[in-house]
Structure formats: structure tokens, C-alpha cells
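Asks: Residue numbers (our numbering), protein chains in the order written: chain A, 1 to 177; chain B, 1 to 177.
No false leads were mixed into what you were given.
Any copy will do: because identical chains look the same in the list, a pair fits if it lies in one copy or spans two.
Under the rule of at most 30 Å between Cα atoms (straight-line distance), these lysine-lysine pairs were calculated in the DSS-like manner:
| id | residue 1 | residue 2 |
| --- | --- | --- |
| 1 | Lys48 | Lys64 |
| 2 | Lys62 | Lys30 |
| 3 | Lys38 | Lys175 |
| 4 | Lys156 | Lys38 |
| 5 | Lys175 | Lys149 |
| 6 | Lys64 | Lys17 |
| 7 | Lys61 | Lys30 |
| 8 | Lys17 | Lys61 |
| 9 | Lys62 | Lys17 |
| 10 | Lys149 | Lys38 |
| 11 | Lys38 | Lys61 |
| 12 | Lys121 | Lys50 |
| 13 | Lys2 | Lys17 |
| 14 | Lys50 | Lys160 |
| 15 | Lys38 | Lys17 |
| 16 | Lys62 | Lys38 |
| 17 | Lys64 | Lys30 |
No lab work stands behind these hints: they were computed from the structure.
None of these values were measured; they are calculated from a predicted model.
Each chain, letter by letter, is given below.
2 protein chains.
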Amino acid sequence: MKYCSNCGKPVELLIPKDDDRPRYVCHACKIVHYQNPKLVVGCIPEWKNKILLCRRDIEPKKGKWTLPAGYLENGETVEDGAMRETFEETGAVVENLSPYLLFDITHINQLYLMFHSRLVKPDFHVTPESSELRLFDEKEIPWGEIGFKVIEKTLKQYFKDRNTGTFPFRIQQIKQH
Amino acid sequence: MKYCSNCGKPVELLIPKDDDRPRYVCHACKIVHYQNPKLVVGCIPEWKNKILLCRRDIEPKKGKWTLPAGYLENGETVEDGAMRETFEETGAVVENLSPYLLFDITHINQLYLMFHSRLVKPDFHVTPESSELRLFDEKEIPWGEIGFKVIEKTLKQYFKDRNTGTFPFRIQQIKQH
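Just chain A, with the same shape it has in the complex:
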């Protein structure tokens, strides 16, 4: 941030009075521009003993496999956001969403909330964001080609919990290398 989004004048990075960390401040408007983490919401879409992965057709990680997920939008519930992202990336409709894993990814100011879910039917198709969609069972997962560490961790936890038959809600952290 270099300029005030309210008046267009340059902002200054300083610690405001009664605060304890640097913020972008506009001296003209007297506005403090707070910056906060963004929430990504997504799904593990199950169909029988398989799960649906998408091969990314956009950067970053074009060509790698992932689970459907994306930024929560203003005005949207977390569940609606996860369903929307799943539909946008896979063409599939999910149901029975249950909150499963929340990841803190502090070095990039992101949070991921992943839902356990079920495909309404095994209908999915290539989309502008995914070049290929496929149902994988556990031994077919392309572990070396998963695009993001958070998705790899989600899948590992999922298969671990599937062995026990329960998917308790958990908070985990993704650290930078």
C-alpha cells in the first residue's frame, strides 16, 4: 500500500497512538488502513471410496493437482463459498459439508478452511480453472504432483482419519519450509 484508497494521497507506515504495530496511515483523511489475513475455503469431495482432485489450468502451480478451494467472498458464508469454489473448479455439486481442517498459514497471511463433503453424483467436467478432473482412491493419489503443501497435508490427514472412521475438526499450521 502506497496511497490512501479513500483520498489518493500517499500513506505513511507508522505505529499509531494506542497501537503496537505498524499500520498504513493517511494523514489527510486520518484513516488507519488495517490489513488482515484472508480466508480460503475448499472441499474434499468424496464419492464412495474416492476423492475428486483437479489439475490446475492456471498459475500458480499450473499442471499440478489440487482440491477445489478459493478466497471467501464478501457476503458469503464459509459453506456457500466452499460449494461455489468446488462448482467453479470442477463443475460438481457437493452436499453434507462438515468443517474439518483449519490451517494457519501466517507467512502469507492466509487461512484455509477445508470441508469434508460428498458429491451429489459423480458428475464433473473441465472448467476454465482445471484441465482435468479425476476421482482417485488412496493408492492412486499423485503425491509428487500435489500443487500446495496445505492440500498435501489435508489429504494426508483425511486418509489417516478415514481409517478411524471419524473426521474431528482440527486446527493445524503450515510453516514456511
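Based on the hints, put chain B in the right spot on chain A.
Replies: Quick look at chain B alone, frame taken from chain A:
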């Protein structure tokens, strides 16, 4: 948002190509300025059969009672954020945090994540944000003077679950009136 935070030129609200909702776009920088919900994190601090509430000494809802909670900061885990807010507003240290309630508040683009927690010891004090701190048992809760609907719902759910002895993670929604 009226001006680009990167170059200071006016932004335009329009639906970008390959998108489906209006965004603030800077034609000079070719930047789309996305806006997303913000996450508030907080605690229900327990001490024996009582819980700690704070009387707000700042607006909004100055003079009303609430639970400690505030915006998650960049670079911070949800648990660290909830502990920090509790300390800032009550002077108390909490432990044994367990994720309990997630609220979608779509009409103000906020999410609340409230943790079940325990006071390390019954030490708390007035802070710049709270004019009074007090441990309440269930029948003492000042229901008519709780500052926010999300906090009232948190407390109601808490006392309901306490009767059963378990605090399962749940997602709920706060709607506008």
C-alpha cells in the same frame, strides 16, 4: 475504495473479464483490488463454573458487556490472536484453547471464531478497552446488557452445551435482524 492503493489514481467498480462480481479495478496499474471478509477471534474464558466478561470502555457498545475478541492480525495464528485479544481486553492469560463456534456474519463481511478456554488463574484487571471485568455464573449473566448478538449467541450455546459436558465445534450464522 475510491483510489488505487498502489498508484493513487481513481479506481473503477466493474466486473472484470472472467469474473462474475464487481471489483475495484485500477486501469493504470491493471490491478484488481479484491475485498474479503475479516476474521474476529475471541475466547470464552472459564474459571471453575464461571466465565469472564468485560464491560466495554470503547465504542461501539461502550458500557455493554462482552467476551474478549478482536480482529486477527497478519502473521498471527487464530489461537495466538484469541489469546492476545483476551490479554489486551482483560489482562488475563488463558490456556487449553479449543475451537468452538464459527459465525458467518455476511451482512458486515465478518467471521467470528470463538474458542473455549480456561483462565490460568483468576487474575484480570481494567484495561484501556474494558472498564470492568467480572466472573459470572450462569444465573448472573446480564443478558439484557450484552453488547453484540454474536456474543449473546455464543453465551447461550455455551451454557446449553455445558449441560451436556461437551463443546462440539459448530458453524452458525448471525443474520441482520
